[in-house]
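K.L.:
In order, the protein sequences belong to chains X and B.
So for the first sequence, this note's numbering puts the first residue at 1; every next one is plus one.
So for the second sequence, this note's numbering puts the first residue at 1; every next one is plus one.
Hints in this document: simulated from the structure, not taken from any laboratory.
Worth double-checking, as some hints may not be accurate.
Not the full set, but computed from the structure, chain B residues with beta-carbon under 7 Å of chain X [said to hold, decoys possible]:
1) M55
2) S71
3) G75
Note that beta-carbon positions come from the ideal geometry of N, C-alpha and C, so glycine has one too.
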Amino acid sequence: MTVNFDSAENPGNGAERATEFDRLRELLLGPEQNRIDELSDELHSRELTEDELADKLPEAIALRASRDDQLGRALSPTIETALRESIRRDPQEIATAIFPVLGPAIRKSIAETMASLVRSINNAVEQSLSLQGMRWRVESWRTGIPYPEIVIKHALVYRVEHAFLVHAETGLLLEHVSAPELNLPDADLISSMLSAIQDFVRDSFRPGEGAMLRTFSVGEHTVQVEAGPRALLAVVIRGQAPDEVLEKQQNALETVHLEFASQLADFNGDATAFAPSRPLLEDCLETVLTTSRPKGKTAWLKWVIPLALIVLVLGVLWIRATTRWNRGLDALRAEPGLVVVDASRGWGGWHISGLRDPVAREPEAVLAAAGITPRALDGKWESYLSLNPMLVAARAIRGVDSLRKAIESDRILFSPGSSQLDQTALAKLTSLAVRYRQLEQEAAQASGSVRLELIGRTDPSGTDATNAKLAENRVAAVAGWLESSGISPSRLAHNAIATARPIAVPDSAERARINRSVSFSATFSAISRGSQ
Amino acid sequence: MIQKKICMVGVYGTGKTCLVQQYVQGIFSVKYLSTVGVKIDRKEVKVGDKEVTLMLWDLEGRDGTRDVNQSYVRGAHGIIYVADGTRPETAKQLHDLRRIVTDEVGEVPSVIALNKFDLKDEWRLSADDEEAAGAPGMHKLKTSAKTGEGVEAAFQWLAEKTVNGAEKSR
Numbered sequence: 001m002t003v004n005f006d007s008a009e010n011p012g013n014g015a016e017r018a019t020e021f022d023r024l025r026e027l028l029l030g031p032e033q034n035r036i037d038e039l040s041d042e043l044h045s046r047e048l049t050e051d052e053l054a055d056k057l058p059e060a061i062a063l064r065a066s067r068d069d070q071l072g073r074a075l076s077p078t079i080e081t082a083l084r085e086s087i088r089r090d091p092q093e094i095a096t097a098i099f100p101v102l103g104p105a106i107r108k109s110i111a112e113t114m115a116s117l118v119r120s121i122n123n124a125v126e127q128s129l130s131l132q133g134m135r136w137r138v139e140s141w142r143t144g145i146p147y148p149e150i151v152i153k154h155a156l157v158y159r160v161e162h163a164f165l166v167h168a169e170t171g172l173l174l175e176h177v178s179a180p181e182l183n184l185p186d187a188d189l190i191s192s193m194l195s196a197i198q199d200f201v202r203d204s205f206r207p208g209e210g211a212m213l214r215t216f217s218v219g220e221h222t223v224q225v226e227a228g229p230r231a232l233l234a235v236v237i238r239g240q241a242p243d244e245v246l247e248k249q250q251n252a253l254e255t256v257h258l259e260f261a262s263q264l265a266d267f268n269g270d271a272t273a274f275a276p277s278r279p280l281l282e283d284c285l286e287t288v289l290t291t292s293r294p295k296g297k298t299a300w301l302k303w304v305i306p307l308a309l310i311v312l313v314l315g316v317l318w319i320r321a322t323t324r325w326n327r328g329l330d331a332l333r334a335e336p337g338l339v340v341v342d343a344s345r346g347w348g349g350w351h352i353s354g355l356r357d358p359v360a361r362e363p364e365a366v367l368a369a370a371g372i373t374p375r376a377l378d379g380k381w382e383s384y385l386s387l388n389p390m391l392v393a394a395r396a397i398r399g400v401d402s403l404r405k406a407i408e409s410d411r412i413l414f415s416p417g418s419s420q421l422d423q424t425a426l427a428k429l430t431s432l433a434v435r436y437r438q439l440e441q442e443a444a445q446a447s448g449s450v451r452l453e454l455i456g457r458t459d460p461s462g463t464d465a466t467n468a469k470l471a472e473n474r475v476a477a478v479a480g481w482l483e484s485s486g487i488s489p490s491r492l493a494h495n496a497i498a499t500a501r502p503i504a505v506p507d508s509a510e511r512a513r514i515n516r517s518v519s520f521s522a523t524f525s526a527i528s529r530g531s532q
Numbered sequence: 001m002i003q004k005k006i007c008m009v010g011v012y013g014t015g016k017t018c019l020v021q022q023y024v025q026g027i028f029s030v031k032y033l034s035t036v037g038v039k040i041d042r043k044e045v046k047v048g049d050k051e052v053t054l055m056l057w058d059l060e061g062r063d064g065t066r067d068v069n070q071s072y073v074r075g076a077h078g079i080i081y082v083a084d085g086t087r088p089e090t091a092k093q094l095h096d097l098r099r100i101v102t103d104e105v106g107e108v109p110s111v112i113a114l115n116k117f118d119l120k121d122e123w124r125l126s127a128d129d130e131e132a133a134g135a136p137g138m139h140k141l142k143t144s145a146k147t148g149e150g151v152e153a154a155f156q157w158l159a160e161k162t163v164n165g166a167e168k169s170r
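Working from the sequences, and respecting the hints, build out all of it.
P.N.:
What follows is the structure, given as structure tokens:
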């Protein structure tokens with residue numbers, strides 16, 4: 001094939017040549033041309049494959065996020081829906097995931113609550129204990145004005161009472177907060193009027209672009225207005241506010257513009273979207289009293305008084321316990337037959353050890369007699385014999401008693417009609433004489449003396465006269481023997497009663513037998529020292 | 001809670017303030033009108049199951065020397081124009097007022113209250129005058145401060161229009 005490019009030589013064949021040229025081009029570059037067309041198609045028509053998307057997605061997100069926050073805004077409804085769905089399906093999953101965040105957040109919140117509680121308690125203590133605080137309470141009681149009002153009246157430095165967030169364009173109230181106990185039902189009207197007054201002042205004085213009514217004062221109230229492009233934040237202050245209030249106000253307003261940018265731009269009368277701004281506004285509310293300022297000089301005072309009270313109470317308790325202890329010990333020491341060797345007291349009770357005569361009173365009884373009942377008394381007592389005359393006498397009287405009983409249980413029996421002492425009678429009399437002498441000794445120790453009465457009886461047989469005689473003879477026989485053994489006759493009393501008071505026994509033979517006898521009655525009588 | 005800013009405008013002496021006085025709650029006295037040039041009241045209305053609070057900006061009436069303050073109209077969601085049925089010129093002047101208002105807020109739901117309707121003997125507005133007072137889309141009604149005729153209806157119409165209109169445009 002011949003190709004002639006010289007068009008000037010063959011002007012009549014122009015069209016034919018062009019076709020040929022196209023054909024030539026197709027022959028030479030055909031496959032490449034097709035490939036280019038394919039690529040171009042692909043470039044224009046195709047969508048990203050999943051693989052490519054996966055490669056690009058992270059960078060794309062990072063890039064867009066660095067440019068503006070549209071991505072976040074676009075994604076947030078989806079994320080909210082996904083979260084809601086996830087919580088609906090399995091709340092446990094989300095609960096577990098956010099648990100590490102929730103714990104510290106709750107702890108922090110509790111700690112802050114406690115801290116503020118402590119602060120308010122401190123304030124209350126400080127106020128109620130100070131002379132001033134009491135004066136104010138009296139004034140409150142006298143005038144009937146609530147105590148907090150009195151405090152504010154006297155001690156108020158300043159108090160931010162209300163904060164209004166106002167939509168700049170319409171003057172409508174977006175949100176409003178008030179200090180506790182203050183109520184403002186017409187906040188919406190005030191809000192609108194505030195913005196109207198702004199317009200009024202601006203229109204009246206034409207102060208220039210952006211200028212505005214920043215503050216105005218009425219009595220002790222100051223209204224401080226901060227304006228942003230889309231909203232105003234006005235606070236009502238009672239007292240003299242420092243610059244910090246303005247700073248807080250500006251910060252709050254800036255944060256509102258930042259966090260509620262789209263709500264402010266799209267505001268169409270529905271203020272519910274601004275409810276979350278309440279905490280920001282509440283940050284502006286503040287009450288500062290003179291007593292809220294730290295006072296180094298008197299700060300220790302609020303501790304001293306409760307401490308002194310505690311010390312006083314403990315002191316009184318300690319003194320009372322010590323007095324009781326000393327009185328108790330004195331009582332124990334004064335008691336005959338008790339020797340306190342070691343005494344100590346602790347939380348568990350009283351620990352006392354020492355010596356105790358068996359005839360002495362019980363230590364508990366001694367303490368009870370002194371009007372003391374210790375919580376617990378742990379006593380360790382060793383027995384001993386006291387030479388204290390009272391105890392000696394007491395012991396002697398015990399001895400006298402037992403000897404007397406032994407003597408009185410003895411009886412000298414006789415054969416019927418006889419007053420002769422037989423062998424058994426003699427043996428009994430011998431031991432009785434020994435006992436009697438012991439009894440005399442004991443009685444002497446107990447500062448007394450004994451008499452032995454010999455009671456002579458007979459059985460009922462025979463006449464009264466013979467029986468009386470027989471009884472007398474029997475008494476005389478016993479007395480004679482006792483006198484011969486060395487017992488003074490003056491100690492012996494003869495009482496021959498014969499059948500007058502017989503010893504009662506049911507069996508008549510036995511009754512007769514034991515009534516043929518001499519029995520004894522020993523009487524102990526204390527003799528005064530003067531007579532000895 | 002939904003709030004809407006509603007402005008009441010009209011020529012001096014058309015009875016704007018009297019018209020709404022007993023239907024609204026307010027804390028500011030009439031003195032504000034002549035001093036600050038505006039008095040704000042509140043009117044609560046129910047639209048469907050929604051509570052709507054209309055913040056009613058009663059603007060000082062226009063007279064020969066002083067015009068309606070444009071700043072006060074800014075951001076209004078609805079307008080109540082008031083004319084005096086016994087003085088036809090007050091209805092004509094509404095057109096000027098409307099221009100001032102729409103310059104500031106554009107087209108918003110509006111009511112024209114032809115007031116003093118109780119004075120039927122002195123009523124000077126012809127049917128043509130009445131026709132000419134309005135503009136397309138505006139709700140026109142005859143009102144009376146004395147009998148209260150048409151007042152609640154005006155509020156209700158505006159509340160519904162501002163609330164539902166706003167929803168539709170979203």
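K.L.:
For each hint, tell me whether it holds in the structure or not.
P.N.:
Each hint tested on the structure:
1. M55: holds (5 Å)
2. S71: Since the shortest Cβ distance to chain X is 4 Å, the answer is holds.
3. G75: holds (4 Å)
Violated hints are absent here; each numbered hint is respected by the structure.
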